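**Student:** Below, each chain spelled out in residue letters.
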Amino acid sequence: MNIIVCIKQVPNTTNVQIDYETGRLKREGVESIINPFDEYAIEEGVRIKESGGKVTVITMGPPQAESVLREAISKGADEAVLVSDKAFGGADTLATAYTLSLAIKSIGNYHIIICGKQASDGDTGQVGPGIAEMLSIPHISYVKKIESIDDKLIKVERMMEDGYDLIESPIPVLLTVVKEINVPRIASLKGKLTAKKAVIKILDAKTIDADITKIGLNGSPTHVMKIFVPPKRTGGEKFNGTAQEAAASLVKKLVDTGII
Amino acid sequence: MANNMKVLADKCVGCKMCENTCPFGAISIVERPEHPKKFKFAVIDLNRCTYCGACIQACKFNALELKKDPPQTGINKNLYRGVWVYAEQRHGDIANVVYELLNEGKSLAKKLETSLSAVLIGDNVKSKIQGLINRGADKVYVCDDPIFVEFQDDSYSDVLMQLIESEKPEIILMGATNIGRSFASRVAAKVNTGLTADCIFLEVDIETRNLLQTRPAFGGNIMATILTPNHRPQIATVRHKVFKGAKITEGRKGEIVEYKPDVRTLLNRTRFLGFIKDINTVINIADADVIVSGGRGLGGSEGFKLIKELAQILDGAVGASRATVDADWISYSHQIGQTGKTVAPKVYIACGISGQIHHMVGMNSSDIIIAINKDAACPMMQSATYALEGDLYEIVPSIIKEIKSLRCC
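One line per chain: the protein sequences are A and B, in this order. Our numbering puts the first residue of the first sequence at 1, with every later residue one more than the last. Our numbering puts the first residue of the second sequence at 1, with every later residue one more than the last.
Rather than coming from a laboratory, the hints here were simulated on the basis of the structure. Since this is a predicted model, take the numbers as computed values, not measurements. All C-beta atoms in this analysis are idealised placements derived from N, C-alpha and C, irrespective of residue type, glycine included. Treat the hints with care, as some may be off.
[As the list claims (entries may be wrong)] Stretches of chain A that chain B covers, calculated by requiring three or more beta carbons in the stretch to come under 8 Å of a beta carbon on chain B:
#1 116-126
#2 160-167
#3 243-256
[Unchecked claim] The calculated lysine-lysine pairs, modelled on DSBU-like cross-linking and capped at a C-alpha distance of 30 Å, are:
#4 A:K144 <-> B:K190
#5 A:K226 <-> B:K67
#6 A:K226 <-> B:K168
#7 B:K190 <-> A:K105
#8 A:K152 <-> B:K277
#9 A:K49 <-> A:K144
#10 A:K226 <-> B:K260
#11 B:K374 <-> A:K226
#12 B:K374 <-> A:K252
#13 B:K67 <-> A:K214
#14 B:K401 <-> A:K253
#15 B:K16 <-> A:K86
#16 A:K206 <-> B:K308
#17 B:K308 <-> A:K238
#18 B:K341 <-> A:K253
#19 B:K244 <-> A:K253
With the hints as constraints, model all of the structure from the sequences given.
**Tutor:** In structure tokens form, the structure reads like this:
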């Protein structure tokens with residue numbers, strides 16, 4: 001079973017600080033990490049592979065995104081592909097899906113593509129289904145469990161708001177996975193050594209034969225018009241006194257605001 | 001041809017306005033290498049720059065120049081008219097967010113002097129049509145066929161694509177539900193247009209008929225307003241509860257258009273095998289007006305009994321911090337925060353949750369935040385609308401008692 005896992009390099013949100021005076025993200029010294037949801041995608045890929053096959057991790061990003069690919073290898077992925085070109089810069093989800101779908105076609109011979117359910121910086125969850133559409137394969141989002149899998153069919157649980165759906169799909173298929181699907185392993189020492197030595201394949205716009213009107217900013221139907229910082233939530237009222245007194249003041253507030 | 005962004009060194013005074021504005025940290029102010037007085041100027045890191053143009057607006061000296069390639073989409077935007085709302089149904093029930101979208105869609109349609117339509121896909125769903133018309137839909141497109149009995153990305157997106165291609169709407173709004181987010185992504189890729197996820201504010205520019213879509217990013221740390229200027233339709237998924245539900249006008253008149261696709265040619269590769277209901281979820285977290293959440297401060301799984309009791313009395317849902325889910329005190333479907341759900345209820349009651357950033361990003365757009373915690377200095381207490389310092393095992397029962405006594409009299 002050949003598995004392709006799509007990952008993204010994101011700033012570590014715990015460290016993203018906003019300067020409310022200037023309205024700027026303080027990115028200096030902020031480390032880049034694998035998008036937290038992609039950790040589950042990598043782990044699921046590695047688990048499927050344990051009964052034979054290989055896992056290829058792929059990311060689109062600047063040259064420094066290589067570090068997350070190495071990290072994925074340290075956690076069990078076999079090969080890594082960096083899709084990188086200045087021409088890909090400023091891509092929205094559609095242009096990203098197009099670019100990754102071409103890169104995946106050039107890797108070829110895949111059975112399952114796995115993505116995290118969304119990235120922690122953009123929070124859209126649109127790239128996975130977009131890739132599936134461009135590869136003309138089905139996709140299943142929000143997968144919380146793979147029930148069974150063979151070389152023709154896969155049966156999964158799709159998490160919904162009110163429970164879960166049981167869905168069967170032919171292979172190849174693209175899955176986006178949620179946290180509940182597994183507990184990612186920690187990289188082993190051997191894995192880290194392998195990662196250090198691994199050769200990362202780089203694909204640029206020319207190699208994947210990209211249509212320049214469909215990549216990067218030019219290939220993006222959506223444009224960012226403005227970015228602003230929402231006003232910071234400032235602390236409100238504090239209710240002191242005994243538990244009974246504080247509870248009484250709170251309930252009175254809730255009655256006044258019409259909640260109760 | 002490529003995009004280019006440059007600093008005009010003779011105009012730049014090194015004032016830092018652009019550096020402070022750049023959302024991507026792509027600009028830095030450095031000393032001019034050859035200048036005797038070491039004056040400063042701006043330098044752009046093109047590896048980080050996304051050509052968003054935020055710095056251009058900020059610069060008071062016209063010292064920045066952005067060249068973008070003109071788009072060549074070949075799309076005649078004037079052929080696209082009308083606002084659509086996707087009337088998501090699950091197990092035959094229309095999602096609440098649909099009624100909120102009809103309300104907002106109506107006001108957008110009015111500004112654009114066009115009509116509002118609802119698109120209903122399902123099996124045996126015709127009884128739902130009048131409810132959509134009563135809430136403002138001028139027209140309802142119905143695709144009613146046994147093939148649509150359960151939501152499948154393939155068949156649903158295929159039929160919506162066919163409808164879009166024949167009817168050409170300019171705006172499509174969908175709920176940012178599990179179905180909506182997955183389905184909209186597929187549809188946008190099929191019709192090759194822009195999609196903006198999780199919008200919380202919508203506006204239209206009358207002249208260009210562009211939809212201004214405002215959404216949070218970086219877990220709500222920043223807001224972005226996004227346009228789809230050259231493609232149609234403009235598709236947006238919209239969060240629950242950001243718009244009020246549409247008012248009902250009984251017996252309102254509307255047009256009903258039945259669309260019968262050739263189901264034999266419809267894409268339908270995946271198979272629905274069954275649905276297993278989460279018996280613990282009485283009220284859907286995303287739909288709830290009130291969420292009562294428990295954190296590590298509960299001390300054990302038993303603590304959720306108290307949380308449930310308070311939630312029940314307020315007709316609210318139960319939420320949880322990651323720590324409690326990891327400790328198996330409650331199931332993952334309750335988890336709120338970065339790796340869980342993002343919610344924005346009217347009232348969020350955080351009991352024993354300190355407010356790690358991972359949790360805050362999932363709930364900080366709630367209208368009212370109530371924090372109950374022993375530690376008055378923790379982030380949750382600091383940012384709460386109402387902060388109650390003390391033992392939650394004393395305060396929560398007091399609140400329950402207080403509400404009960406209020407209700408019985």
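**Student:** Going through the earlier hints one by one, which of them does the structure break, listed in rising order?
**Tutor:** 10, 11, 16
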